[in-house]
Amino acid sequence: MVAFNILVFVAIGYVVLLFGIAAFADQRARRGASKWLRSPLTYTLSLSVYCTAWTFYGAVGNAARSGLEYLTIYLGPTLVFLGWWWILRKLVRIGRAERITSIADLISSRYGKSTSLAALVTVLAVTGTTPYIALQLQSVTLSFAVFANASAETAAAQWQASDLNSTALYVAAGLAVFTILFGTRNLDANERHHGVVTAIAIEAVVKLVALIAVGLFVIWGVSGGLSDTLQMIEASPVANWSPDAGRWVGLTFLSATAVICLPRMFQVLVVENADERHLAIASWAFPLYLLAMSLFVVPIAVVGIALMPDGSNPDLFVLTIPLALDQEGLAVLAFLGGFSSATSMVIVASIALSTMVSNHIVIPLWLSMRSSGATVSGDVRSVVIMSRRVSIVAILGLGYLYYRVTGGSAALSSIGLVSFAGVAQVFPALMGALFWRGASRSGAMAGVVTGFVIWGYTLFIPAIGLLPVSVVEFGPFGLGFLRPQALFGITGMDPLVHSIFWSMMLNAGVFVLVSLLSFPGPLERLQGASFANVFERSSGASGWSGGQAESEDLLVMAQRLLGARDAQELFQTAAQLQGKAGYLPDPTPEFVDTVERKLAGSVGAATAHAMVSQINGQAAITVQDLLAVADESAQMLEYSSALEAKSTELEQTARQLRYANEKLTEISVQKDAFLSQVSHELRTPMTSIRSFSEFLMEGGMSGEDRTRYSRIIHDESVRLTRLLDDLLDLSVLESGQVVLNEQAGMLHDLLDQAEASAGMRDGSPLKILRTRSSEELPVFTDTDRLTQVFINLISNAQKYCDADQPQLHIKTRQRDQRIELDFIDNGTGIPTRQQSVIFEKFSRLTNTAAAGSAGLGLAISREIIQRLGGSISYLPGQGGAAFRIELPARVENAEFASDGQDALADQITAKSASA
Amino acid sequence: MGRSVLLIEDEPNIIEAISFLLERDGWTVRIHSDGPGAVEAVTRTAPDVVILDVMLPGRSGFDILRDLRVSDQTKDLPVLMLTARGQTKDRELARSYGVSKFMTKPFSNDEMVRTVRALADGCEPVLSDDDAQGTEPS
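Protein sequences appear in the order of chains A and B. Heads up, the first sequence is in this note's numbering, so the first residue is 2 and it goes up one at a time. Heads up, the second sequence is in this note's numbering, so the first residue is 4 and it goes up one at a time.
Since the hints were made in silico from the structure, they are not lab data. C-beta: ideal position from N, C-alpha, C; glycine also. Warning: the hint list may mix true and false statements.
As the list claims (entries may be wrong) - Label-pair restraints from in silico Cβ distances:
1) Ala804(A) with Gly61(B): 21 to 27 Å
2) Pro39(B) with Arg707(A): 34 to 40 Å
3) Thr31(B) with Ala661(A): 52 to 58 Å
4) Val740(A) with Ser63(B): 36 to 42 Å
5) Val740(A) with Gly61(B): 39 to 45 Å
6) Gly101(B) with Asp673(A): 34 to 40 Å
7) Ser63(B) with Thr833(A): 20 to 26 Å
8) Leu658(A) with Thr91(B): 28 to 34 Å
9) Glu841(A) with Thr31(B): 39 to 45 Å
10) Thr31(B) with Arg707(A): 38 to 44 Å
11) Pro39(B) with Leu651(A): 48 to 54 Å
12) Gly5(B) with Thr833(A): 43 to 49 Å
So here's chain B without its partners, still in its complex pose (with noise of 0.2 Å):
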């Protein structure tokens, strides 16, 4: 059995794509498209890596993370935080929080395939100059 992503999501064309990038590289891809409940998803889905967004609909991305990185089965799990806000203080926020990478969309297929795959090693995933620059806009 392959490895598995939760993907916490709530944009239906980013789902699919990166549904589609990663069952392409031969990972399980779960959905989980609001805040509330995603961390009991988490929980019961025991995914190898997390993606999970900033913005959803009833709980914000860094309440989830907070609350993962709380409990003892889920507080070493790599959590790929992604976010179209692109604001210093995002990703500041979600490095106190524990976050294990943090990318800023639009993110390139090639870079999204291989920071999962890092974060599911172990790793410290090898990063475009664009992404480790962290491209934030304001």
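With the rest of the complex left out, here is chain A (with noise of 0.2 Å):
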């Protein structure tokens, strides 16, 4: 006999085995050579942790009891596989879509994100899945006594029940820890888990490989072939059951649904999934396998019949055949198959309902605590994690409780199918959320609350025998149609069928209901469509190629967002990190991260989360998402109009460029006229002289002639010196580097002064009148500069008065602080079109010879008075040509000494210079 510590030893060394299988996987996933770990071989495989312990074990057990009725619970799978794999293939397309992490979450999701929703799938998943824990729990536990019995000397040896509980414990707890480890190391976005899939897949094999060898044994080993095996079928009690149609329907039903709705079943079909085209191969390779694995379960039965004594459970026969016959080796195999098959449902349950606890119940409590919100993820994270672990454990605890509480005496399929009748009631919401847009939140809501209560009312209280006997006979407080296995004075009806018919009508019935008299929410809608039309927004059934397609989404978004080159860079530097080469790295939850960190520089942490999860498909966009994107906008809007402000000064800083340009331009045009007028005026005397000198080099006229032509020439030399002369002038003046010299003076003589110096030229015929008493102004300032402009507004006079009899008066007086003077003469004037350029240089109005000079002395006679502090203007409608200068009235303050006279003047150069 195998001593029961070696058994024990087999056991952890198997598990210490997947371990290191799993490990490995997890490794090779992390480097991303996961290329086998992602092959539909294991997916299919990963598949096959439908076939628990309850398979294993209990459908022999079944079939002993009930005869074919076991083969239902491998019809149900087989027909959804085969004949309904469109709508697994929507389930996993809308999985990958919206980022499902389990049932609750798709439910939730469908329904406008509801929490409360995902809660309420969640307590479902979590109550209808303990008792199939529990169920795991008893078979291992079983089994773990088959042995023990087996090998016990003598009979006080024999376990006890205490050996039972505290055996089923130990493996609770194992399972905890190997859960932990594996279902919780890290957080994945997107809830896989390879190392776990790749030991399912493993267990999947053994639990397979075990039976089949246990079914060639019995047949070729203990009945002696294949026709004594029919032989032996067609006179045991199987072949003479007959189905209950009721029962045979019901269970189909039951299964097809729980394939679907089972968390571990959700978890490895649609979470666990790498490639949609899997799915193709599993609709038969699943079936398959369903098939093998149901191949020998009558010949197992039969045999087990007719082999084992009487009341021995028909549940271990897979065991205790082999053991029996002293089939050691089988039997360890066998052992190791249905532990196989046990810890495989429980390790992907507990992880499927621990998301679940966790992301639906644990999470949101928490962040409801807290009044400042989940902000820091790393916070999130451990909480997350943790949250998990603990939920593991209570999972687990829970089964051991159930296990503890109906004392582990139900036989193995009665929990399996309570179990199944209880996560079938989110059958219809599911329907609903994958078919029907109209389907409401508050319907499906309804329905799954009405299901679960009749379900927990007519089927799940009486198995774990919490209902007083009284109840179940006559119905609460005596109201016969109330009773749990007979609702509405139905009668007769298997308890589990007439469960199932109940609980899945009304919850239909109220889900349709309350969904056409609910107006679905906005977000509700959105979700319903998205999920309706899953597969016309999703390219094809080409599947999922390895993560290329989302970071390929994300670059096209980053480019847009951070300009081509930086995300380029981010993306490159981003996949050497992760040892790959080009710019497409794998979308891992950091590097999803770091973008959305990047994005959300630019356009703010709501949008980019909010668009980085539209690609990534993690969420919908929540209602607080998009009050968040609103309030960024707002932001933004502030911006924009602080943007415009600044826009609006920038506009007006180019208008005055564009204005200092024209300035500019002006001036250059100007300057180019200016060079143009002196080339004029340099140029029209030099083709006098040029003219002129020739004739005279010629030689052979008269002497007339002679003077006549030199005197012309002896001129033009002189207007070209004076020319230049003024030229030199007015560019001192107008650089302002001008040196005043000021010193004191009286009007009067300054006048006298220029008077003489403009009337020495022959003996002009001009007139000046003067009022000498109002001359008597002493002055203190340039009196050399201000003679000049006296000087040239006289000689004007004496140019251009045009009248018979020219006369200039020189009007002046003294008002408040300024000094006045007027220059009238009597001609025509100047015409009023003309008198806004007659101080701009070379304005001169008629020809040049006749003014004898450039048209310079006006333009130099306003730069001299400007520096003196005063200012030259024509004043118009005085009958003749009218210049009014004005002057700051200053005397010589003779205190002074010469220095400060100095002074006074570098102050006045200095002025003038920065004038």
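Join the two chains into one complex using the hints; note that each chain is given alone, in its own frame.
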């Protein structure tokens, strides 16, 4: 006999082996070398998590008790995979598109991200799965007990109930540890567990091999061949079994819904799915696996009935037949098969449930208790991981508790059916989610609650024996129509079928009715449309190309927001860090985070989150997201108005620049015009000089002509010299480098001086009228420069006054702190349109020769008067040409030392230089 | 009767110089000394060559040239344009208006005579290097 201790070692060794395989697979997956991890074979084998200890042990028991009814458990999934695989495909597609992490997540996601609905489904799933986990604990415990009892020397060594209980506890604890180690090592955005899935696939092989080995042994080793076995079957009570149509249909339906709704099935089918195309292969491969699993159930059951003593548990025939026939190796293999079935189910179920519990119950509670909200992601991660670990322990604890409460006595298959019926309550809401756009949150909620309650009342609570017998017999408070196993007076139904009938019927009915009566929210409608039309928006059945497409989408978006170069650099760096060439790193959560943070820099956190979420399909956009986006938009609006102000300012600056530019262009044009004028003024006398000097050079002309031509040459030379003088004078004045030689003087002296200078020119007919008394004004200024201005004005009158008896009236007066001098002649004056240009350079109004100057006189005068702190302007409406000079009335302060005067002069120079 | 020149110029000394020069060469020189009326003077006197200054009181030489080129009577008339401004764009402007010859002041007497003769004969005047290069200060 196999020593019990050895069996324990084998079990532990097996677990360690699985652990190693899982660790290896995880490592490979992290390195990205996960091709075989993502093969359709692994996927199909992982689906075998459907076949639990119930299938491994319980099917035989079921066959022994109820004949072929056990087949319904295989029939349902087979029908779904072969006939309804398009439903599965839609489920997988939605799961992928919406980044669904569990069935509760899917339901809540579809129905407007409802937290309460998610919590409800979670509670339902936990409640429904707890008996199932208990079933696994029970089967493992029983299999241990079989070995222990078989190897026990004495009756006293036989296991007692306490031994079973402690074993169950150890098993539960061990499984919890294993699950925690592999299910919650890190948070994967995809909720994928490569290691666990690989281990599950290995276990799938082990259980299949074990069951087939026992089957082959039974047929050829025990009953002596196929034909003998068939004869035994004919003779056995199994052959006499007549199907109960209600149960048959009900159970088939139940197993069909279970394969979709069971949390662990959803986990491997949808969440762990790596490629949609795997489903196509699984759609025939998985039924094949089920067929192989079911092939030897009847022979084992029949042989067991015939071989084993009466009263032995048919659920354990797979183990006890080899043991009874001293096939220890086979027995150990069978044990490992059962052990695999149980552990794989518990591990996957607790991972799936812990995800649901932590995501939909613990975290929402934790978040609502924190006033500040979850802003620190690292914080949340550790909380999530911790809550999952605690959830796993709690789920296994519940399983253990259920095992203890039910006393481990119920038949394996009936426990399983209770579970199936429980999780099946999600089915109407799920189908509505996939296919009915009109389905509403309220409807789903009402339906699930109704189904849950009826299931609990009619099946679950009676099953754990919590309902008093009186209630079961006569209904609560004696209300017969409320008897849990005969609702509304319908009696004679199998309790299980009865429960399924009523719960599903009312569940679906309420769901449809409430959905029709309630109005779905905007987010629900959005999600409803995107669920129902998932194939229209995602790209065909090409499947998932290992994150490449997603990375590319991210890159496309990042380029748009960050600019092509920055985005490419970001992606390339990330790819290099992951050891990949090119620009497309795997969309690991860290990388997606990085991208999101980068984007947040340009579009704001909420928008970035919404955008990234859209691409990696993690979540639908919640109302909070939308509000945050709106907030950001408001902020951006503020920025934008600030920018607008800035832009107005810039526009103003631009306008000023444009103005300055125009000014400069104008100045440049003026400069060109000036140079052109200077050229003209220089070349005109030069032309005469050249021409006449050539005549003179030729010789042979009269003395009179020679004198005349020489005079022209002389005059033109003088004119040239004067022009050059004026130009130099003007350039000095304009450049501000003129040094004023200020001194005291009397105004009438200066005017006398000017009159004398101008009058000396060939006895001008111009008569100058002055009022000497008003000219007794002391001035302190550059008297030479001021006299120059007076001379200019007087000689202008001489040149241009066209009156028969030209007169120039010079009026002088002091007004406040200013001295005014008006120079008014009696000519026709200057036409109004030309008054504005007379102070410009070369603004000579008549021809040059007549004026004998280049037209710089008034320009020079204006410069001088401005340097002296005054102004000169044309005075219109005086009859003739009239100019007014205004000067500041300053007198010499005699007390000033000479250097004080110099300082003042310097000051004035400096002032004029800066002007 | 000898050939005639209409000199449109406002500088008395230059008028005197050119008149003396051309009359000595056998030309009849008529004078018009401002811008307005210049076109009318050309039509009226129907000279063989027009000498036209650019900077005239009242109207620019360019405007006068343009008007001359529009009228059928004067569109082929040889026009020698004189300028003291010496800007390239003046030369180009004159050319675009259809000037026959453009000279920059100061000019040599000999060159002036040869140019006027050549224009009257309807052939391209032989020019000195000085003028061909168009002495332009700016």
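Taking the hints in turn, this is what the structure says about them:
Here the CB-CB span from Ala804(A) to Gly61(B) is close to 23 Å, well matched to the stated 21 to 27 Å. One distance hint, 34 to 40 Å for the beta-carbon pair Pro39(B) and Arg707(A), holds here, with the actual separation near 36 Å. Between Thr31(B) and Ala661(A), the C-beta spacing of about 56 Å keeps the proposed range 52 to 58 Å intact. Distance hint for Val740(A) and Ser63(B): a CB-CB separation of about 41 Å, consistent with the stated range 36 to 42 Å.
Separated by about 42 Å at the C-beta atoms, Val740(A) and Gly61(B) satisfy the suggested range of 39 to 45 Å. A C-beta distance of roughly 25 Å is found between Gly101(B) and Asp673(A), which places it outside the suggested range of 34 to 40 Å. In this structure the hint that Ser63(B) and Thr833(A) lie 20 to 26 Å apart at CB holds, the actual value being about 22 Å. The supplied range of 28 to 34 Å is met by Leu658(A) and Thr91(B), whose beta-carbon atoms lie about 30 Å from each other.
Distance hint check for Glu841(A) and Thr31(B): the Cβ-Cβ separation is about 40 Å, which falls inside the suggested range of 39 to 45 Å. The hinted range of 38 to 44 Å is not satisfied by Thr31(B) and Arg707(A), whose Cβ atoms lie roughly 25 Å apart. Between Pro39(B) and Leu651(A) the Cβ separation comes to about 50 Å, which falls inside the hinted range of 48 to 54 Å. Between Gly5(B) and Thr833(A), the C-beta spacing of about 47 Å keeps the proposed range 43 to 49 Å intact.
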